[in-house]
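Which chain is which? The protein sequence lines are C and W, in order.
Position 171, counted from 1, in the first sequence is what this note's numbering calls 171; the numbers after and before it change by one each time, with no gaps.
Position 138, counted from 1, in the second sequence is what this note's numbering calls 138; the numbers after and before it change by one each time, with no gaps.
Calculated from the structure, these hints are not laboratory results.
Here a beta-carbon is modelled for each residue, glycine too, at the ideal position from N, C-alpha and C.
Where hints are given, some of them may not hold.
Listing some non-contacts, in silico: residues in chain C with all C-beta distances to chain W over 10 Å [said to hold, decoys possible]:
(1) 3
(2) 70
(3) 88
(4) 160
(5) 171
(6) 197
(7) 200
(8) 203
(9) 361
(10) 364
Below, a list of computed lysine to aspartate or glutamate pairs in the DMTMM-like style, where the Cα atoms sit at most 20 Å apart [as the list claims (entries may be wrong)]:
(11) C:196 x W:465
(12) C:196 x C:267
(13) C:196 x W:503
(14) W:137 x W:175
(15) W:294 x W:249
(16) C:196 x W:125
(17) C:196 x W:470
(18) C:231 x W:400
(19) C:196 x W:302
(20) C:247 x C:224
(21) C:231 x W:470
(22) W:137 x W:125
(23) C:172 x C:183
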Amino acid sequence: MATLKIAQFCWESLHSVREGGLSPAATHLAEVLGTKHEVHFFTRGDGPDRNIGNVIYHFCQPEGDTIIEYCMDLSRKLLTKFRESDTPPFDIIHFHDWHCSDALEELRSRKTVMSYHSTEYGRNGNNFGEWPEFQAISAKEWRCGHLARHVVTVSRHTETEIMWLYGIPEHKITVVPNGIYPEHYYLPLDPGSVKKRYGIHPLAPLVLFIGRLVYQKGPDLLVDAVPQVIKRRWDVQFIIAGKGDMKQELERRCRTLPVRFTGYIPDEEYLQLLNACDLVVIPSRNEPFGLVLTEAWSAEKCAVATDVGGLSENIDDFVDGIKVPVRSDSLAWAISYIIEDPVRIRAMGVAGKRKVLSRFNWARIGRMMDMVYTRVIDGR
Amino acid sequence: MTVSDEIPRLDRNYSAHIYGGPLPLPDTLRIYTPGLYSSHAMNEPGCRRLCMELSIHYPYFVGTMGNVPANSGSTFSRTQKEDFRKYLSGAVFPAMDCMSTWLDSGKSIALSLSGVAIEQLAAEETDSATCLLDLLKHQSVESIGQTYYRSVAGLFSDAGEFTHQVGRHADLVEDLSGRRPRVFEITEFVFNSALIDPIRTLGFQALYSEGSEHLLPTMNPNYVYSCQDLPVLLRNCRLSDDIAHRFHDYTWDRFPLTAGTFARWIAESPGDCVHIRLDADLFAVTGDTAQSFKKFICDLPDALHSCGVATALPSSVIGNSPRGELRLEELGMCSPDTVSALTGIHNMHQQSAFWCLEDARDLVTDRETWRRLQSTDHFSRMAISSGPCGRVLVRSTSQEAYDYFSAYMQTLARCEETCREKLRSQPAARALQCLPPETAFHFHSGYRFTGYSAHSLHEFSRILEFIPDEVFRFHHERMDFPRWISEVLGDTTLAENIDRCTESDQAAQRVRERVRELWQLLR
Chain C
1 MATLKIAQFC WESLHSVREG GLSPAATHLA EVLGTKHEVH FFTRGDGPDR
51 NIGNVIYHFC QPEGDTIIEY CMDLSRKLLT KFRESDTPPF DIIHFHDWHC
101 SDALEELRSR KTVMSYHSTE YGRNGNNFGE WPEFQAISAK EWRCGHLARH
151 VVTVSRHTET EIMWLYGIPE HKITVVPNGI YPEHYYLPLD PGSVKKRYGI
201 HPLAPLVLFI GRLVYQKGPD LLVDAVPQVI KRRWDVQFII AGKGDMKQEL
251 ERRCRTLPVR FTGYIPDEEY LQLLNACDLV VIPSRNEPFG LVLTEAWSAE
301 KCAVATDVGG LSENIDDFVD GIKVPVRSDS LAWAISYIIE DPVRIRAMGV
351 AGKRKVLSRF NWARIGRMMD MVYTRVIDGR
Chain W
1 MTVSDEIPRL DRNYSAHIYG GPLPLPDTLR IYTPGLYSSH AMNEPGCRRL
51 CMELSIHYPY FVGTMGNVPA NSGSTFSRTQ KEDFRKYLSG AVFPAMDCMS
101 TWLDSGKSIA LSLSGVAIEQ LAAEETDSAT CLLDLLKHQS VESIGQTYYR
151 SVAGLFSDAG EFTHQVGRHA DLVEDLSGRR PRVFEITEFV FNSALIDPIR
201 TLGFQALYSE GSEHLLPTMN PNYVYSCQDL PVLLRNCRLS DDIAHRFHDY
251 TWDRFPLTAG TFARWIAESP GDCVHIRLDA DLFAVTGDTA QSFKKFICDL
301 PDALHSCGVA TALPSSVIGN SPRGELRLEE LGMCSPDTVS ALTGIHNMHQ
351 QSAFWCLEDA RDLVTDRETW RRLQSTDHFS RMAISSGPCG RVLVRSTSQE
401 AYDYFSAYMQ TLARCEETCR EKLRSQPAAR ALQCLPPETA FHFHSGYRFT
451 GYSAHSLHEF SRILEFIPDE VFRFHHERMD FPRWISEVLG DTTLAENIDR
501 CTESDQAAQR VRERVRELWQ LLR
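Only chain C is shown next, with the shape it has when bound in the complex (with noise of 0.2 Å):
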């Protein structure tokens, strides 16, 4: 395959602003793409262009009151950055997620790719909203997918769920997963000093919960269940690490519970807790595809996750993971259930390693991104 002249758009990376799971997946795709071709990432943040990993950033500082206008401003300075580079063109132009949907609108006649990481649907935990940005999102989602020649998702779930709302052609959507670099995430270490430093007794089970404390990741889930769990293993710790809307009301309700919310934590802290917990839970309520899936295994860990977007496509139930219902108590039960078996549990994530290692390698992930851009350039 020719090299290729590449631009991807995206609110948020690595090396400026990070919101979320987003920036790493859209980073290091356009690193792996940056070994092949010359990829240029349009994104947040301050100073110069810079080069990075084989990959051209361009940051702009967008401005506004509310999220739509300041989206808006985005896309206005990421065009001027983009043009500025136009010369000799770009062979594709790559969208992630609703944020620079005017940029896609003004380069609607070009080679253009639209990956839909999330919905504003499933950001809302499976609900639709009456208020002014959830419509507004929601429609330019519905435009970028009908604009775009070609739409990327991260997952069958997620193209099963723009089909549904915003009517999105199949023959159009391809599915490509997130990947992962797994040697970044596995730690060789003594799991009983890092829980020493928490307040936990070294043998005493650690589940850790890592993730936005929205109502979409469900951690209300999992705090309604640790009576439950509690009640059937009394020496069980959790963690809940992150920040969000409702981490002041989860604090109130686990006063009396063995829980402890660490707030955001830096990435080495969190690398440290993956790696010394003993599970890892993703109750989510909608997960496109659930980064924290294959962070977890790739630390050798076990997940036990709800059955829903990409969590219930990824893991083989009882085999690298425990897949249950939206509920507080089948989360409870399959803590409880898998937290006794410790070599059970442990098989489970040499098992997870094993998949993201043949399945979720960047690699990989490239090569099919690669034949998405082809597929795109060819006009098929």
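Given chain C, put chain W in place with the hints provided.
Relative to the frame of chain C, chain W by itself:
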């Protein structure tokens, strides 16, 4: 041929463990799917040898509420002798009947007979018991070495006790059979790399361990591995558990398992030699189940013969060239300086009991009692599940596990109290004593119990190292620390000192220093 002989081997248990969807499997993963992947497909020959190991062990259990009165003065269960007889008649003798058919048909078996089991057998003085001990002399029987009490001594910081127990077992076996064991069995992962040298010094030529589930991706337990130049034989846990756990499971889609099918699985499993372990407890079944199990075991020699599989003794396969180097930590054993999960110490209660037990070395003058309390079975009973790799799967409730822990700690505390008057300093011995849950220090945050308790001064200092500030403050403000230390442990000196500590690190340091002083008073 039965139905199960004809079904391709894609059973739920196996596929659930091995397959992650339609992924291509690395060859090394196929080792436990003998019926699915023929040896020809693997380009590796199937196993032509089988080491069958029968394990007989019965520890001295401590009495829980039902079987030992509070003031009986008895350390162990008062029904110990009756229970052992039941074990003999229900499990051991039926197992030996089956194994006799193996020996009569020219097959060989390895016998893992613990020192405490031999000791109780000898005390029986019955013909059956004598016959069993005579089996050790049989040319086709090889005794496997182990710690005399099947104990946790391998986890102690000092290897002296471990060496003593292994040597004592080897001497006993040599007395009975005229042959010294050559292969040492690691029980319940209680071992670490620092013990390799003592084992070699004691004359052992190989280690026997369990091929854990998590080794699947990289290792084939049907080959010999080596660790610091000592050959390591690994049990095939899948095949062992086919007999131990799945044989009676009528929901298993390979049920009923026949000797012919099982022999074929062995013959098709790539490698040199399959190592199967059976606990004598597996024979403790009754009725039709017992008949079918007995028939299965007794039919196995002929079935193996039909499939071209011979039996072998462990010491005869240790000469095979090792497939690779193995780190003991990969098997789930701890490094010499840490006691991590998967070493037989999985939970806080086991940890508390272990620390108290190790400290009791200098507090219990009755060595025999102290050693009987070291059996790994005590620790298994403090967990709610145990039993992989050829052992009977034991599941108990949290309450049962806690009750056993409580009874164990009471027993240990009682032993220490009984022996206290023989020690150099009774106040020091009291301060260092093991405490049952009733008098342990339970840490609380003000809102809830933190989940951990100190059952000795030693454990108290370890917990102080990591308790959150709010927990320390809560107890400090209520003056719980000095009250517990003076009223329960009788150490007024430390009680006064700890009251002056305003931070947990400072308090931990003070307690550690005091523990050192107290040990000096005792030794």
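Here is what the structure says about each hint:
| no. | hint | verdict |
| --- | --- | --- |
| 1 | 3 | 31 Å, holds |
| 2 | 70 | 40 Å, holds |
| 3 | 88 | 41 Å, holds |
| 4 | 160 | 19 Å, holds |
| 5 | 171 | 24 Å, holds |
| 6 | 197 | 7 Å, violated |
| 7 | 200 | 8 Å, violated |
| 8 | 203 | 5 Å, violated |
| 9 | 361 | 13 Å, holds |
| 10 | 364 | 12 Å, holds |
| 11 | C:196 x W:465 | 8 Å, holds |
| 12 | C:196 x C:267 | 19 Å, holds |
| 13 | C:196 x W:503 | 16 Å, holds |
| 14 | W:137 x W:175 | 10 Å, holds |
| 15 | W:294 x W:249 | 16 Å, holds |
| 16 | C:196 x W:125 | 53 Å, violated |
| 17 | C:196 x W:470 | 15 Å, holds |
| 18 | C:231 x W:400 | 15 Å, holds |
| 19 | C:196 x W:302 | 56 Å, violated |
| 20 | C:247 x C:224 | 14 Å, holds |
| 21 | C:231 x W:470 | 24 Å, violated |
| 22 | W:137 x W:125 | 18 Å, holds |
| 23 | C:172 x C:183 | 34 Å, violated |
Hints 6, 7, 8, 16, 19, 21 and 23 from the list above are not met by this structure, while the remaining hints are.
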